[in-house]
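Residue numbers (the numbering used here), protein chains in the order written: chain Z, 1 to 240; chain D, 241 to 480; chain L, 481 to 720; chain F, 721 to 960; chain A, 961 to 1200; chain W, 1201 to 1440.
It is worth saying that the hints were derived from the structure and are not from the lab.
The beta carbon of each residue, even a glycine, is placed where N, CA and C say it ideally should be.
There could be a bad hint or two in this list.
One side only, chain L facing chain Z, incomplete, derived with CB under 10 angstroms [stated by the list, open to error]: (1) Phe563; (2) Lys599; (3) Ile602; (4) Gln611; (5) Gln615; (6) Glu647; (7) Asp650; (8) Pro653; (9) Gln685; (10) Leu689.
6 protein chains.
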Amino acid sequence: MEGKKVLVFSAHAADYVWRAGGTIAKYIKHGADVTVIVMSYGVRGESNDLWKMPDQTVERVKAIRHEESSKAAEKLGVKNIEFWDLEDYPFPTDREVLDRITRTIREKRPDIILTHDKKDVINPDHDAVRQLVFQGSIMSNSAGVVIPGLPVTKQMMIFGFEPHQTEISDFKPGTFIDITESYEAKLEAMRCFKAQNHLIEYYTQRAFLRGNHARRLSGVKEYKYAECFANFFPRVAEEF
Amino acid sequence: MEGKKVLVFSAHAADYVWRAGGTIAKYIKHGADVTVIVMSYGVRGESNDLWKMPDQTVERVKAIRHEESSKAAEKLGVKNIEFWDLEDYPFPTDREVLDRITRTIREKRPDIILTHDKKDVINPDHDAVRQLVFQGSIMSNSAGVVIPGLPVTKQMMIFGFEPHQTEISDFKPGTFIDITESYEAKLEAMRCFKAQNHLIEYYTQRAFLRGNHARRLSGVKEYKYAECFANFFPRVAEEF
Amino acid sequence: MEGKKVLVFSAHAADYVWRAGGTIAKYIKHGADVTVIVMSYGVRGESNDLWKMPDQTVERVKAIRHEESSKAAEKLGVKNIEFWDLEDYPFPTDREVLDRITRTIREKRPDIILTHDKKDVINPDHDAVRQLVFQGSIMSNSAGVVIPGLPVTKQMMIFGFEPHQTEISDFKPGTFIDITESYEAKLEAMRCFKAQNHLIEYYTQRAFLRGNHARRLSGVKEYKYAECFANFFPRVAEEF
Amino acid sequence: MEGKKVLVFSAHAADYVWRAGGTIAKYIKHGADVTVIVMSYGVRGESNDLWKMPDQTVERVKAIRHEESSKAAEKLGVKNIEFWDLEDYPFPTDREVLDRITRTIREKRPDIILTHDKKDVINPDHDAVRQLVFQGSIMSNSAGVVIPGLPVTKQMMIFGFEPHQTEISDFKPGTFIDITESYEAKLEAMRCFKAQNHLIEYYTQRAFLRGNHARRLSGVKEYKYAECFANFFPRVAEEF
Amino acid sequence: MEGKKVLVFSAHAADYVWRAGGTIAKYIKHGADVTVIVMSYGVRGESNDLWKMPDQTVERVKAIRHEESSKAAEKLGVKNIEFWDLEDYPFPTDREVLDRITRTIREKRPDIILTHDKKDVINPDHDAVRQLVFQGSIMSNSAGVVIPGLPVTKQMMIFGFEPHQTEISDFKPGTFIDITESYEAKLEAMRCFKAQNHLIEYYTQRAFLRGNHARRLSGVKEYKYAECFANFFPRVAEEF
Amino acid sequence: MEGKKVLVFSAHAADYVWRAGGTIAKYIKHGADVTVIVMSYGVRGESNDLWKMPDQTVERVKAIRHEESSKAAEKLGVKNIEFWDLEDYPFPTDREVLDRITRTIREKRPDIILTHDKKDVINPDHDAVRQLVFQGSIMSNSAGVVIPGLPVTKQMMIFGFEPHQTEISDFKPGTFIDITESYEAKLEAMRCFKAQNHLIEYYTQRAFLRGNHARRLSGVKEYKYAECFANFFPRVAEEF
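With the hints as constraints, model all of the structure from the sequences given.
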């Protein structure tokens, strides 16, 4: 993990924590250079509890989400985090966003991109982000897409987050990452999102279940907690 | 690859060469302990050209296939090869074969099993072998399947060979292994099968195409030739 | 649920508890007539921890499994339970077993059958039982399959258990049953299986996750715990 | 059905009749509150026969479609029908349409939404409407999507119409609704569409075939005619 | 069609009529050489109405089915029909049946095989026959499967019958054959099966619906009635 | 092929050559009327090698691609070729492009359309073109889409090009066209694209592999080289 560059595109303020927080913390701990892009605050689609407060406003919701997400990033050890403050529900899919993503990939030059997987049956924003990030990666890797000062990138690995309801979203596990050593950091990061309290327990238990699966599929007894990702592409390697 | 134990189940005399010869040669070169089980000679289903000779007999076909497969194994560096001489077309799926596979897995204790993938639309034997080997691996890994002197194994990795016509067999590439360094050995091994001459060119070109795919998906320019396998299970790992 | 007849086919001694215990307890509480068939003790495939005891024997494992499963059934309120004591790993798929299943369906005349779903990627026995039970149900419903004294049945509903690793087994949720009111009974039943201790926590958490899904998909806040089943057939009804 | 609110989104003037007319009539008969939104008149894509008349104009086609659809609604007992008069072929997918759908769902607060299923291989408009309605339902159910005077809705059930050619559109039957008692009303409603005469016989026969399927899958002899729908989500219920 | 050899494998006495009767009659009319193999009488699984007669016996059911199927064949113009009188429900899948199929293919040397498609969700016999016929065709085409006096065949085209409930059987239409000219012959043949009266109307309407599909997908107005088949393999041709 | 009208939509300057060049040349040789639409030059996405030249400009790349594609068309015998010079990476999907496609189909009135298949996992432009062309064909075939002077078309056949990496793009072979007689013309046409040198060998080998598949699936020994296409619709025909 040492020296690897990882770029994370999160549709809303907390997605990267629920779905990849343990992996992010682990990579950082082992010397990776991780950047998180929080594309929207999830004001409209992912802040239901905050809207139960009387006289709530968009600005206040954004401020709370910004603070929570920043604190969570800190717990994971993330030093580079950007908030793009795009709208959500629906997520904007115009050319400007696509070009911004492409430019960001050219700037960061990641070895690994983490983002939403291709289908989330109850969250169309996640589908939109996946489509945008994927198309941006293709453009970034194409020499004819000329951006002065930002040379073409080479094909990076891309992995998709686990959606909330996996089976009905046709999610296919491609890679389990053992997060036993960074599990505590993930717990602390999740606890920063007070407005989504019910999700903390949900993703705590999911880490446990994925740990069980990881043990069963690998025969490695030491795997206690895991995160699961879809593979955008087959693995290409020197050995199995 | 050093020290890894690899067990290869090949339905017929040449399958392991066409589909995994480069990977086998590479593993051996780097210190792996590889065993190949040739389950049948493919007398009825995979020796069409030999049957064009006048007065051909089952015994002669078996002898030729035995010699060709042995020579090919030598070219790949395989030291451990077993010929089970089971019938083919159709492949026997009885309890005895299942138990023999289970016992063999207990004896060899592989880190990696290579065998046929779950569907080959023009070769029912390949389907049968896949089903048997998979069930044998489950039994081998189960503590309640008591075989005196042969303790339970732990979950190994299992990968499926590429079938001849991939798309109509629903083959999904899971892992590409770069075989650039062992490509010559594979060529030599393939050339041992004189009765399946047309397949030598076919699998030569396939290694080239898979090399193209491997380069494209990884961004690694050095990958010239590759073999492609299906993943029986998701990957479980410490990092991507 | 009052007056409904439910027939449960469980491949091994504990399957019906992990996968449908809450639903079974709820149906019984509300006046259903539930029969559980434990087809094998799971001596070879589902009793790994018991085989860690020194000098273990098949007879002792069977006795323990019998006692645990009987106690669990009691916790769920099950009065009718049969132990067929078939072999497992591999599961027998001969004509005799098929005919016994057919005959049992004719005798019990269930409105609902619960059994394993069509694919369990790490448990071939579950696949075999599903195939047998389904074929048995087709035969039971066919007038030409004459069994003296046991008239033809009419098409019953059939639902499939959730397997251990759902996504890689292509499990598609068809029906979530709210088990909030019977959750405690399920917990008590699960705790009877001392040799599969790790599964108790696993299925406890799964009931919680499925409760979360059920709430989200229905908008009903009161659903705390749920079990999830595959639909063998589309639903046919008077209204949605 | 008594007291249930049902909201139907029909891409063109006749879709709701061919695909859900029997179910709509039945729900109304039993006291449901049904609203039908005819989103476009289908002037360009679904009025082929009308365009065979000499000197045909868009206005005249719209007038005919409006009258036919209104009469058909009357035959089904529909009291609330809206004609949005959007363009078709292609169907507009801009933000304005999405917001109008969202607002309509907030106003009607349906227990059940009926609309087009996710794929219709020969009708891209149906795909577009499905996508819009689904996204609108997600937004309507999200507290952060603030529409003054129209509070957030809770998750409703959503079902997809059967497309014209089911198998090549990957249509998966999820729920069959028995329409034996409302079949005559559906026939009368279908007969209002003089310009699509060939479809009357088509959907008459389809109701018969679906009745056959419903009987076979349920064992209920009394089901003579049925309509078939896809489930957007798994069923969540107190019992099977 | 002139001079083509067609071999039809029908699991039960009437399957070839419901599913391919129009195509068979058309081929015969145009000079094809068609052989129908009725593998079982369908005594147990496809003769429900006959078993409602008091004191019914297996012998009497067989005799009735034999007569009905023979008459139907006559109506279609079939001169070569064989009744193998195998058991049904369940269908035997032993080596003897496989070898008989293989030998029959070698004898008849068909250009086209018609049989059941790969999945029929409510009829396991159809699955079994498909599997057997397919495996038999592979063996027939393999030079190493030596049958004295019956030389190896070359790859023939194979098409799968439409099952009763297509969508839930994952049936994918591959080829529609226009049967407008032989529709009357099919009607007459279907009317020979008095014990399956409800199916006559069902398959009459299906021919009408498939005719509608055929017209729509081809733009050929003259196609009134059609039968639909799955393609076992992609089409290979000189032109589209 | 004599007298058939074929319309080819190629996303970029060379796609129609790699993927359908042999088929195009064959159709022309046998008297078909073929039009090729090169929708974009592929300046940004398909000209990587050209951008390695120092001081490269968009205009120069376009000029080179135009010349290469024109020469290749000549080698295939194509007389009608249009260059639309649309942007690529990303491909424009606005109403204007859709209407232009629709109008072109009305003008050319093709019996056969060839274009990109529904998914290309590493080329979003191909997906966009497929979607546009398909929607344009639907509109062209709809009488209500009135274009003065251009009467409605009837349903044509549509086939999808093979993408570069087939299995991970879910490409399903529907039709293999034997191109043995036009193979040399295809080779010459491919050699015109100097900037995509690595693709010449790739598609040369692919023609060989597809020839192998075509032989195997048809039993016709004379098929040496082939191209493979996806079927947008099932085949509708007078005979198999």
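| Hint numbers contradicted by this structure | As far as the earlier hints go, 1, 2, 4, 5 are violated by this structure, in ascending order.
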